[in-house]
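Asker: Per the working numbering, numbering of the sequence shown is gapless, rising by one per residue and ending at 255.
In case anyone wonders, no lab produced these hints; they're calculated from the structure. Be a bit skeptical, because a hint or two may be false.
In the DSSO-like style, the derived pairs of lysine-lysine whose C-alpha atoms are separated by at most 27 angstroms in a straight line are [what the hints assert, rightly or not]:
#1 Lys196 - Lys158
#2 Lys8 - Lys196
#3 Lys158 - Lys86
#4 Lys172 - Lys189
#5 Lys126 - Lys158
#6 Lys189 - Lys126
#7 Lys196 - Lys86
#8 Lys8 - Lys242
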Amino acid sequence: MGHVVSPKGWAYFVTNEVDPGSKDGWRAVRLSPVLALPPARLADVGGQCAVEGEVGVSEVLLGWARGEPPPPWFELALGWRRYWVKLVPAYGASAPLSAPAHRLYILCADRRCDLSPLFALADPLKHPQYAAAVIRAHIHAESDGRWMPICDVVECPKTVFASPNYDNTLGKGALDILGDPEKLYVLVKLTYDRSKETRRAGYRLGLWSLNPDEVPKNLGETGTFTTAATAALGYIIHMVPKVDRYLRLQPITVL
Numbered sequence: 001m002g003h004v005v006s007p008k009g010w011a012y013f014v015t016n017e018v019d020p021g022s023k024d025g026w027r028a029v030r031l032s033p034v035l036a037l038p039p040a041r042l043a044d045v046g047g048q049c050a051v052e053g054e055v056g057v058s059e060v061l062l063g064w065a066r067g068e069p070p071p072p073w074f075e076l077a078l079g080w081r082r083y084w085v086k087l088v089p090a091y092g093a094s095a096p097l098s099a100p101a102h103r104l105y106i107l108c109a110d111r112r113c114d115l116s117p118l119f120a121l122a123d124p125l126k127h128p129q130y131a132a133a134v135i136r137a138h139i140h141a142e143s144d145g146r147w148m149p150i151c152d153v154v155e156c157p158k159t160v161f162a163s164p165n166y167d168n169t170l171g172k173g174a175l176d177i178l179g180d181p182e183k184l185y186v187l188v189k190l191t192y193d194r195s196k197e198t199r200r201a202g203y204r205l206g207l208w209s210l211n212p213d214e215v216p217k218n219l220g221e222t223g224t225f226t227t228a229a230t231a232a233l234g235y236i237i238h239m240v241p242k243v244d245r246y247l248r249l250q251p252i253t254v255l
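Modelling step: build the complete structure from the supplied sequences, incorporating the hints.
Answerer: Written as structure tokens, this is what we have:
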């Protein structure tokens with residue numbers, strides 16, 4: 001058993017090529033605890049009538065296909081990655097249930113299929129408590145590896161992600177940020193909205209480098225993400241707007 005996401009990145013599984021309409025060949029991963037998703041996911045991903053209350057994902061099934069599947073698959077385009085997802089009722093769980101159990105099917109465009117769509121579907125802006133819970137969740141399966149999204153777009157060995165003892169310091173701190181609903185909300189909001197109010201909240205939480213109330217107006221600087229916030233964004237960089245100029249990527253040699 002491991003976590004959905006660890007300091008080394010999102011769990012991924014080497015999957016079989018599957019027929020999107022078949023029940024055979026999928027790689028099954030059970031979750032603990034059962035992860036809650038917003039009710040709206042029943043409508044857009046589940047093809048059902050949205051109801052009040054949460055949707056519980058007790059199991060994820062992963063596979064890959066060469067082409068785009070037909071409806072009712074829901075396309076999830078996360079940066080340079082494409083996924084197709086579908087929710088169906090489940091008939092089992094490996095943890096106590098707090099919401100109606102569902103299976104989440106994730107169809108990837110690559111054999112290496114990762115679990116980051118769980119986070120995107122949980123909606124870190126409107127429902128940060130759901131998305132934060134994904135960070136702490138366990139999987140009842142042995143992953144085939146870990147995927148760090150930012151390492152697809154920068155040379156990680158030359159950045160903060162190669163800092164000494166990263167997993168136990170900055171990596172752990174990054175997951176603490178992503179696993180805290182308040183910090184997660186402000187972190188993601190800062191990628192869209194760098195107004196003075198949002199930067200003030202980011203500074204208070206240790207996510208933004210400059211206090212907007214103390215920077216002289218004629219300085220013309222707004223600041224950057226802190227090193228800790230940059231590390232946290234490394235795990236979700238494919239889900240947020242391009243913020244390269246605000247990242248603090250310089251490696252840290254002493255922690």
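Asker: Which numbered hints does this structure break?
Answerer: 1, 2, 3, 5, 7
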